[in-house]
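J.: In case you want the letters, here they are:
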Amino acid sequence: MTRVVLAEDGTLLREGLVGLLERLGFEVVAAVGDADALLAAVEEHDPDLVVTDIRMPPGFSDEGLRAACRLRTRRALPVVALSQYVERSYAEDLLDSAGGRAVGYLLKDRVVDVAEFGQALRTVVGGGTVVDPEVVRQLMRRSDPLDRLTEREREVLALLAEGHSNLAIAERLVVTEAAVNKHVGNILAKLDLPPSADSNRRVLAVLTWLRRHE
Amino acid sequence: MPPAPIAVDTAVDTAVGTAWLALRRRRFLVGPWLWRALAHTALTLIVWVVFAILLIAVVAPFGGAVAELSQGDVVPAAGLLLLGLGLGFVLLPLLATPLIAVDRWRARLVDSVTLPGTPGVPSDPGAWLRDRYLTPRRWRYAGYVVAVLVLDGLLLAALSLLGTSAGAMLAAPFLASSDDPITVGPWHAGDPASALLVAVVGLLLLVALPYAWTAGACLQVGLLRRILDADRTQRLTEELTEVGASRIRLVESFDSERRRIERDLHDGAQQRLVTLAMGLGVTRLEVVEALGPDHPAATGVAAAHDQAKLLMDELRAFVRGIHPKVLTDVGLVAALDQLAGALPIPVTVTSTLTTRPSTPVETTAYFATSESLTNVVRHSGATTATVSVTRDGEDLVVEVRDDGHGGASPRPDSGLTWMADRLAAVGGSLHLSSPPGGPTVVRMLIPGYR
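Quick mapping for you: the protein sequence lines, in order, are chains A and B. With the working numbering, the residue at position 15 of the first sequence is 15, and numbering never jumps. With the working numbering, the residue at position 345 of the second sequence is 345, and numbering never jumps.
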C-alpha cells in the first residue's frame with residue numbers, strides 16, 4: 001500500500017483528507033499541521049508520497065512549498081502540493097525540482113472530485129506530472145502562438161498538461177485514440193516540439209515552452 | 001462653527017449692520033451708529049486706563065529701581081531690567097485672554113457681525129501651559145494687546161486734541177478780543193471777523209469728531225477681527241489636514257477589515273465546505289459502488305455533491321471579491337494575474353516592479369484595477385485588454401488599455417467615479433482617455449510606493 005505523509009494546517013480539512021486518502025487506498029502514516037513537522041515526519045517514515053498544503057504556519061505564505069522543494073533536492077520524492085489559488089511561480093518552483101518528475105500542483109478545491117484526485121495522486125506516485133487545469137488554462141491564455149492551435153488541439157494540450165495518457169484523453173473527448181495521436185502530433189509539430197512517447201516529458205515540454213513565451 | 005449670518009438690528013437701522021458702513025452714509029450724523037461708536041470709545045478709554053494703571057503698577061517700581069541701580073552698578077540694573085521684561089513676557093499671554101474677551105464683547109457696539117470665537121482652554125495643566133506659551137495663536141493675541149494699547153493710546157490722544165481744539169475754536173468769538181487774541185494752531189483770532197472764521201473751522205472739527213471716533217472704533221474692531229480670523233484659518237487648515245489623514249485611516253481600516261473577513265471565511269466556512277464536499281464525494285463513490293449509478297440514492301448524493309461544489313465556487317468568487325488571498329500572500333501582480341484569468345476576454349498583465357509596494361498601495365491598486373477591468377468587460381465591447389504595472393518615483397502606476405469602442409465618461413454613480421474617489425482618498429489620481437472609437441486607456445497613480 002502507498003504510504004502517505006499529509007501536511008495541512010486546518011484540523012477539520014486534515015481529518016477529512018485522512019479519511020479520503022484511506023478510502024482511496026492510501027495508508028496515511030503521518031498527518032501534520034506545519035512545515036517543520038512535515039520534514040520530521042518524512043525523515044521518520046520515508047513515505048511513498050507527500051501531500052502538502054502550500055500555505056502553512058508559522059508564516060502562512062509558502063512554507064509547504066519550500067518544504068516540498070527541500071524534500072525533493074535529494075531524490076524525486078513524489079509530492080502533490082495543494083494551493084488555495086493559482087500561482088504560476090509555485091507551479092514553476094515545483095516543476096523545477098527533481099527534474100519535474102513525480103510532482104503535482106493542484107488547487108485545493110480539486111480534492112472534492114474524489115476519483116479524479118485519487119487518479120492524480122497515483123499518476124504522481126508513478127513518476128508522472130500533474131498540473132491543475134486552471135494553471136494550464138491561465139498559462140495558455142497569455143500565449144499568442146497557441147492561436148495556431150485549433151480549439152480541439154487546445155483541449156488536447158490542456159489534458160496533456162494534466163498528465164493524461166492518449167487513451168485517457170480519447171475517452172474524455174469521446175474520440176478514438178488514433179485521433180488523439182494525430183492531434184498530439186499536430187500540436188507538437190505546430191509548437192516546434194519533437195514528438196516523444198513519454199507523456200511526462202510532453203507535459204514538461206509544453207510547460208517549458210509556455211514559460212519561455214510568457 | 002458655521003459662519004455666522006449677518007445680524008441686522010432692525011430697531012436701530014434697517015439698512016446697515018456695521019458702523020463702518022454707516023460711516024459712509026449721509027444720514028450718519030442722525031443715525032444711532034455714532035452714539036454706539038462713542039460708547040465703544042468710552043469703553044476703550046476705561047480699558048486703556050485700567051491697563052495703563054496695571055502697566056504703571058508693574059513697570060514703575062522696576063523703572064525706579066533700574067534708574068537707581070544704573071547710577072552705580074550696571075549689572076544688577078540690567079538683571080532687573082531682564083526680570084521686568086521676562087515678567088512682561090509671562091504676563092502678556094495671560095492678559096491677552098481677558099482683554100480679547102472684553103474687546104469681542106464691546107465690538108458688537110460697532111459691528112453686528114459676530115466675531116470668530118476664541119478656542120477653548122485645555123484643563124490639563126501641562127496642556128494649558130503649552131497652549132498659553134507655545135502656540136503661535138497666543139503670541140498673536142499678545143501682539144494684539146501691545147498693538148491695541150499703542151493704537152488706543154494714540155486714538156484717545158488724537159480725539160482729546162480734536163475735541164479740545166474744536167471746543168476752544170467754537171468759543172473763540174466769545175473769548176477773543178483785539179487786546180487778548182486767541183491762537184489755535186495756525187489760526188490767529190484777534191478780531192471778531194477772524195474769530196468767527198475760527199469758530200466755523202471749530203464747528204467743522206466738531207462735525208468731524210464723530211467720524212473720527214467711529215473710524216477709530218472700527219479700526220480697532222477690524223484689527224481684532226483680523227487676529228481672530230487668522231486664528232480661524234489656521235484652525236481650519238489643521239482640521240483639513242486631520243480630515244485628510246482620517247480619510248486615509250478610514251480607507252485603510254476598511255481594507256484591513258476586509259482582510260479579516262476574508263481570513264475568517266477562509267479558516268471557517270470555506271474549510272468546512274471543502275470538507276463537506278469531500279465527504280459527499282466519498283459517499284457518492286460508496287453509493288455508486290454499492291447500488292449502481294442509477295439508484296435514486298446515488299443520483300441524490302451526486303446532486304448534493306454537485307451543489308456543494310457549486311457553492312464552493314460561489315463562495316470562492318465571493319471571498320475573492322472581498323479580498324483575494326493571493327494579494328496578501330504573493331502580491332499585486334499575482335493577484336491581477338488571477339483576476340485576469342477569471343475574465344471572459346484575454347487580458348495580459350505585465351509588470352516591471354522589482355519590490356512589493358506597501359499593503360495599502362497594493363490594495364488600492366488591486367481594487368481600482370479590478371473595477372477598471374469590470375468596466376472593460378461590461379461596457380467597452382473590447383476583445384482584449386492589457387494591464388501594465390510600473391513604478392514612477394514614489395508612485396505606483398497602473399495602466400489599463402482595451403481595444404473597445406471608447407467613449408467612456410465618468411458619470412456620478414459610475415465605476416470610474418468610484419475609482420477616482422477611491423484613489424483620491426489615498427492622494428492618488430485617475431486619468432482617462434477614451435475617444436469615440438477607442439481605444440480606452442485608464443491610468444491610475446497611487447502615491448506612497450517606497
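Accuracy of the hints is not assured; some may be wrong.
To be verified - To spell it out: a stretch of chain A is covered by chain B in this simulated footprint if at least three of its residues, at any positions, have a beta carbon under 8 angstroms from a beta carbon of chain B; those stretches are:
hint, region
1, 5-15
2, 63-77
3, 110-120
4, 124-133
FYI, nobody ran anything at the bench for these hints, they're computed from the structure. Remember, it's a predicted structure, so these values are computed and weren't measured experimentally. We treat Cβ as the ideally placed atom computed from N, Cα and C, and that holds for glycine.
J.: Decide, hint by hint, whether the structure agrees.
T.: Here's how the hints hold up against the structure:
no., hint, result
1, 5-15, "holds (count 4)"
2, 63-77, "violated (count 0)"
3, 110-120, "holds (count 5)"
4, 124-133, "violated (count 0)"
The structure fails hints 2, 4 (numbered hints given earlier, in ascending order).
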